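Visitor: Take a look at the letters that make up each chain.
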Amino acid sequence: MELLVASAIGILTASGLYLVLRLRTFPVIMGTSLLTYAVNVFLFASGRLTVGAPPILTDATRYTDPLPQALVLTAIVISFGMTAVVVMIALGAYLGGNDDQVDDLIPASDAEDRT
Amino acid sequence: MSLFLIVALPFLGALLPGLMNSAGRQACAGVTFMVTLVALVGLLTHLPAVLAGELVTARVEWIPQLGLNLTLMLDGLGFFFACLILGIGLLIIAYARSYLARGDHMGEFFTYLLLFQGAMVGIVLSDNVLILLIFWELTSLSSFLLIGYWKHLPEGRQGARMALTVTGMGGLAMIGGMLLLGQITGSYDLSVILENRELIQASPLYLPALILILLGCFTKSAQFPFHFWLPHAMAAPTPVSAYLHSATMVKAGIFLMARMWPVLSGTPEWFAIVTTAGLITMVLGAVIALFKHDLKALLAFSTVSHLGLITMLLGTGTAFGALAAVFHILNHATFKAALFMSAGIVDHAVHTRDIRRLGGLRHLMPVTFVIATLAALSMAGIPLLNGFLSKEMMLEESLHTTFFDMPWLVPALATFGALFSAAYSFRLIGHTFLGKVRDDYPDHPHDPKPGLWLPPALLIIPVVVIGLAPFLAEPFVKLVTASVLGGAAEMPSAHFKIWHGLGPALYMSIVAVIGGLILLALFTPLLRIWDAAPRPEAKSIFDRIIAASVGLSRAVALRLHNGAFSRYAAIMAVTVVAVGYYAWATGTVGAATRAMQPTNAVQIAGWLMLVAAACGLVFLHRNRLLSLILIGIVGLIVSAGFVFFSAPDLAMTQLTVEVVTIILLLLALNFLPNRTPIESTVLRRTRDVAVSLAAGAATMALSYHYLLRDTVAPSISEFHLANSYKGGGGTNVVNVILVDFRGFDTYGEIIVLGIAALLIYALTETLLSGPVRARLLNRKPDQPRAGDRHPMMMVVMTRVIMPVVLLVGFYIFLRGHNEPGGGFIAGLIVSIAVVMQYMASGFAWASARLRYPYHGIIGTGVLIAGLTGIGSWFFNKPFLTSDFTYVRIPPFYKFELATAALFDLGVFLAVVGAVMLTLESFSRLARRAHVPEADHPMDIDPSREDTPKAEA
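For the protein sequence lines, the chains are A and B, in the order given.
Using the numbering used here, count along the first sequence one by one with no gaps and you end on 138.
Using the numbering used here, count along the second sequence one by one with no gaps and you end on 1262.
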């Protein structure tokens, strides 16, 4: 089972990174979302995998590690905020400049004004 | 008055001129004057203690582990400089009141002036070198604002930039030097450093520390080869020049050399560097000053020259040199401030400062003539004025200073400098005030109102009094010198006297004065030679250096940063993988300690779906709508995984966030193209695949590795499990961690979330108020729209379901402390309920029923959470300490009341507000001009009168 989770993290990272390296904003946003999943699961898994022992105190003697869960919970909510800001910036750039390219190459002649 | 208050007063007072600006110029200057006066009076209350030789200190421990303490001290030297700064500051403020024109923004000027004053006072009272450095940088920054005060003048801006560049670089060097000193002595307290002379001078780090600190001092005090910025700073208004270049800014370097004198001076290195720089600066400045035609430029170079003189005196490393230096600091501050103010008066009255266009002003401006002449004669070193006394002491000291085994060299150079000094002083008097009255002045010269001439006149009093009765100043100057010397040298027994008897120093003085007169007589032919002689222009050299470094950094930056973000991302990914691989390859890998858990068919099915969705995304990402569906699948599988691996809270959060994220992306797709074009080459895609596969393999290896091993050190989770119920009163450990153990983190996180939402709101506002607005309003949808915009089924359903969803949210919130749930999840659930209303019934209908703005909800949430935290202060507990109790109201079962629930309420509100503000902002973009906003929730509503009836 550990192999399944680890490979899932790896596949999410690989596909997320590939999309992040694309040239248009929308795939890049998709890519960051995939990377977010990968990072969240990675952090969550740092508490090791436990089946059937949620950290709700009962008479049970075995609980899973609650700390990574608390950290990932806020990370999920914050990543929504981050995605929203990035989407807004992408949208603003597209609506303002009619261009959703990620790369913004600086031509040599233009360098004087840009720096 | 506490030393803290004396330093803080100018900074606090800096708020006032801006506020008083609308109350009139008089009020504005008045309040600045009062602030300075109060600080000066506060300083003077320490006079008895300082006279008694005590060290007044004030100390607050801040980060003692780093040696960072807010410590101030007041000794003779600090008192002397603080008096100069505040005392001359008072006169400058009075003078500036009359000097500034009606069009100048007075509040701005006095704010800058007070900031500068506070920074200067801070320097001279600091007992901790790190605090001193902060004040040092503050003087650079505030003097930048002052020098560039006339923003419309290009010279003002250039001069300010040059001053900031030079002094700022010196400040950087000095930080290094001070840190080295701290390393040597093990303390950043000046009082400790000053007692470790032997330790510092024996250290191998002494020379680097000395050079770095002197770089700071020399740049600040305009010593050769950094002297060039000072004349360019003359583009500032005259009160600024008078203040910065007589008593304050440029004296900061001198002050620091005097402050560090006990530990740094007396070595061959100190002598060689400081005396040489001082001598060169003195002679060079004096020679250039003679040939300047602008009154202020002449005074600027004379300031450079006099600073060189003081530096040279400190450089000799003898007690007599230090005594003469302190005395000359006092004298120079008085006559130079008076001279700058007189130059300002001439400029104000005649509208030119060019000496060649002046002359004969003594009849037209008699008051100014008297003031300027007395000050200039003092500068020339004429007996019965204070400049004579300290200059004579300088000449005396030069006789005892030997360079390169040539005992005549230093006295000869000193006399040479004094000679030119006398010459330019005479030229200042002769060519401005004496001579024939001309008829081609740019304006009618006249004496100004007392507001302008009184401040310099007051400064002439000490010039004359000290000149006539030097014994009056002697005790004070010796007191200051004693604190310069520290314990490093004996106080010299010499007394201040006008008549020392016939001696070499007197002869040198006479040579200098007579030589000065001769030079002035020969001025016209000399000027011709000077103009013909080639000489390096410091400004153009400086400009070339700046241009070269800008060119270099631009070339480097453009090479590394060409604007291709995908390239940056690839480089970063490769770097991270490489560094991680290095750690992996060089570290030790322990054996697996955990057994692999069994796998069943359901898990494999889930895994397959995840992999299929992720790979599908990669291959089908060009179809954007499809990719949105695929990413939804990934989110669902991840949520299911959380359920399976004992994380119900995470699963609920992930699911709800998934819903709002998809809605958000759908809204965004409304405006973006539907497809991603094929742009990248095969080569490029191969590269990206390679990079991604490497990164994926690396994360997989890393996670697989740690999943099969236990933690290296015991985790702190055991503490949370053990104390969640006992200490936090809740059985849902994740929720207790969020609202109690790590409540401060959560507090920060809801603030970040709120800021993100406000940022989105602000961006939307910007878009909608710019040219994009028209495009959005006239946008033609690229796909056919549904005829029924608000389907009745959906409207009815969402309306019915709304209370149910709210109830579920409320329930999830309440049970959060003990069962899966809590503020985050409840907030997301409630947001979804509200968003459904927007989707079903339309934006206008929903927002018309919105009673509280979402900004307010975010703010309320953060405030409630913050106030809950502050509440624990009333019980003498740290921020966000929570408490709980169990109560029983008869018909109900016993239940828990916890302050953490109040905090969770804040979290809930902040999440609702942030999510709703975000989605609302996006949907505001979607409104279009030619589609009327429906006032009614449903397009077809049988109960409405005006409903377009189906054709009968």
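Some hints here could point you the wrong way.
To be verified - Covered, in the sense of this in silico footprint (three residues per stretch, anywhere, with C-beta under 8 Å from a C-beta of chain B), are these stretches of chain A:
(1) 24 to 35
(2) 42 to 50
(3) 53 to 66
(4) 71 to 79
(5) 87 to 101
(6) 114 to 124
Hint data in this document are derived by calculation from the structure and do not stem from the laboratory.
It should be emphasised that the depicted structure is a prediction, and the values quoted were computed from it without experimental measurement.
Don't be surprised by glycine CBs; every beta carbon is placed ideally from N, CA and C.
Visitor: Each hint: holds or not?
Guide: Evaluated hints:
1. 24 to 35: The restraint on the segment 24 to 35 of chain A holds, since 12 of its residues have a Cβ under 8 Å from chain B and three suffice.
2. 42 to 50: With 9 residues closer than 8 Å to chain B, the segment 42 to 50 of chain A meets the three-residue bar; holds.
3. 53 to 66: holds (count 8)
4. 71 to 79: Coverage by chain B holds for the segment 71 to 79 of chain A (9 residues, Cβ < 8 Å).
5. 87 to 101: With 12 residues closer than 8 Å to chain B, the segment 87 to 101 of chain A meets the three-residue bar; holds.
6. 114 to 124: holds (count 6)
Going through the hint list in order, the structure satisfies each hint without exception.
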